Amino acid sequence: MIWNPHYESMEREKLTKIQSDRLCELVDRVYRKVPFYRRRMDEKGVKPADINDISDITKLPFLTKDDMRDVYPFKLLAVDPVDIVEVHTSSGTTGKPVVDAYTRQDISLWSEAMARTLAMGDTSRTDSVHNAYGYGLFTGGLGVHYGARLIGANVIPISGGNTARQLAILQDFKSTVLTCTPSYSLYLAEAGTEQGIDFKKISLRVGLFGAEPWSEGMRKEIEAKLHLKALDIYGLTEIIGPGVASECEVQDGLHICEDLFYPEIIDPQTGEVLSDGQKGELVITTLTKQGTPVLRYRTRDITYLNHEPCRCGRTAVRMHRLLGRTDDMLIIRGVNVFPSQIEEVLLRIEGIEPHYQLVIDRREQLDILEVLVEMNEQLFSDEIKNLERFENDISEGLYAALGIHTRVKLVEPKSIPRSEGKAKRVVDKRQL
Amino acid sequence: MTLKQVSVFLENKKGRLAEVTRLIAEQKINIRALSLADTTDFGVLRLIVNDPERCFTILKENNFVAQQTDVIAVEVLDKPGGLQQILDVFDENSINIEYMYAFVEKKSDNAIVIFRIDQPERAIQVLEKSKITVLSSEIISKL
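Which chain is which? The protein sequence lines are A and B, in order. With our numbering applied, the first sequence covers 1 to 432. With our numbering applied, the second sequence covers 1001 to 1143.
Simulated from the structure, these hints should not be mistaken for laboratory data. Do not rely on the hints blindly, as some may be mistaken.
[Claimed, not checked] Below, simulated DSS-like cross-link-like pairs (lysine-lysine); rule was C-alpha separation at most 30 Å, straight line: (1) LYS96/A <-> LYS33/A; (2) LYS1060/B <-> LYS414/A; (3) LYS385/A <-> LYS1060/B; (4) LYS414/A <-> LYS1013/B; (5) LYS409/A <-> LYS1013/B; (6) LYS1028/B <-> LYS1013/B; (7) LYS409/A <-> LYS1060/B; (8) LYS414/A <-> LYS1014/B; (9) LYS1004/B <-> LYS1028/B; (10) LYS1013/B <-> LYS429/A.
Just so it is clear, the structure is predicted and the values come from calculations on it, not from any experiment.
Turn these sequences into a full structure, and let the hints steer you where they fit.
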């Protein structure tokens, strides 16, 4: 079901005109209200008057992840702070999270984008949405919540954790739509099967999975085990949260809400804009967001675009499922982790040499991050309790910095391979 | 009158313990007593040898993380109640034991208990006051 056919199936010429109008208004607005953008545009020699058409977007400077660190917390604010009604954050590099600040209108915008997403799975008033995305500063939980509210479906705000309870509620409340990370869906499937639940008989019909990369292979597995249609959804805190793009029932690319979030694909080395079908870095501009609008944000996600109309009837551009990253960011149990954050925590501890390795694996459907740290004279204690306390201190330091639990393993000196040039710090054993 | 114990960090991997004993044997160093404390991922091997200095050096040269720790060796009759006597003395004097392990002497009817104690001097004092024998490193190396 198409939630908003007016925009989602709009004739391309008409859509381009709307995008152009919105871009002009956006650039004028942020130039006047956000000193950060005015400085950036002045540095590039671009004025709002130079932007008349959507194609002029290439004249504008990019916004990078490093910029997001520098503008923390509210230097991108384009409204009076009193107009902000909600904030969300994600994990960011070097301890500074990315902040998304929403006005009332932005929350409506988000609800609209999420309603379109949920509607791709045919969600309607008659559905019950089992929402196992985390509620809190993370955008997943509340994003789905707002979209479901707009549609009028029943949303069960169960958030993450307590799998036994999840399975009971899933059955008792006869949920029809499941929203959570793809790996958690498999975890639920396994736990459910162990309990003797026959997923063929329960009411789940469709699942909207995102917040981490997943393969076609995983999709087949999820669909087989949970007996539902599994759709990929995409979003990021810098833009709005979930709701940027979603797969329709055709499952051949994710439709981007391009009247709201304008996409480009660029060559990550040169910044040159690429054509349909060419793989590159996805760049997104928020055309109507008020609180913390972003201009040409480099997502570091690699994909390609397809402007052909889809069999579902939508004309909104499609992006291919994510093909990789331009940086070293990892996604572990749905949380963004940068190896540099881990390094920062480790090097703060006296005596730790820079010989560590991160081993990521998936056991029983859940991601495990193991941090191997080499033992040395300075760190060694003859008493087990001191060594255990040391492991604990590292683990707690990492939890404080990353928000996820890690396993710390002390290993013998020289057991972590040394290499010429860039050390192979990360060993990812998962087959996504 | 403390004695030097050699403690070694061992990853819970095949062959690590054997490697340590091989290196020590090659140097003709004799192990008098040992204890292996383990966790899931690693262990701490504690050795009483006849030449702790040389043992420590050879392990370090072969990339093992090792330490020399001060412990005390207490002699008791190898009969029921032998250990109890020592523990009572420690209890009465509020002396805290970090860890311990024991072995029997070949040439006599005695057992030797190795203790790791936070303040070894005080422990030695109270033991001697109770007429309990604390063995020196020379005696241990000649056993």
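How the hints compare with the structure:
1. For the suggested pair LYS96/A and LYS33/A, the alpha carbons sit about 24 Å apart, so the restraint of at most 30 Å is met.
2. A threshold of 30 Å between alpha carbons decides the hint, and for LYS1060/B with LYS414/A the separation of about 13 Å falls inside it, so the pair holds.
3. Restraint check for LYS385/A and LYS1060/B: satisfied, since their Cα atoms lie roughly 23 Å apart, inside the 30 Å limit.
4. A threshold of 30 Å between alpha carbons decides the hint, and for LYS414/A with LYS1013/B the separation of about 14 Å falls inside it, so the pair holds.
5. Only pairs whose Cα atoms come within 30 Å are accepted, and LYS409/A paired with LYS1013/B is accepted, the gap being roughly 13 Å.
6. Simply put, LYS1028/B and LYS1013/B have alpha-carbon atoms about 25 Å apart, close enough for the 30 Å limit, and the pair holds.
7. Only pairs whose Cα atoms come within 30 Å are accepted, and LYS409/A paired with LYS1060/B is accepted, the gap being roughly 21 Å.
8. With a CA separation close to 16 Å, the supplied pair LYS414/A and LYS1014/B stays within the 30 Å bound.
9. For the given pair, LYS1004/B sits about 18 Å from LYS1028/B by alpha-carbon distance, which is consistent with the 30 Å threshold.
10. This hinted pair checks out: LYS1013/B and LYS429/A have alpha carbons roughly 20 Å apart, not beyond 30 Å.
In terms of the numbered hints stated before, the structure departs from none.
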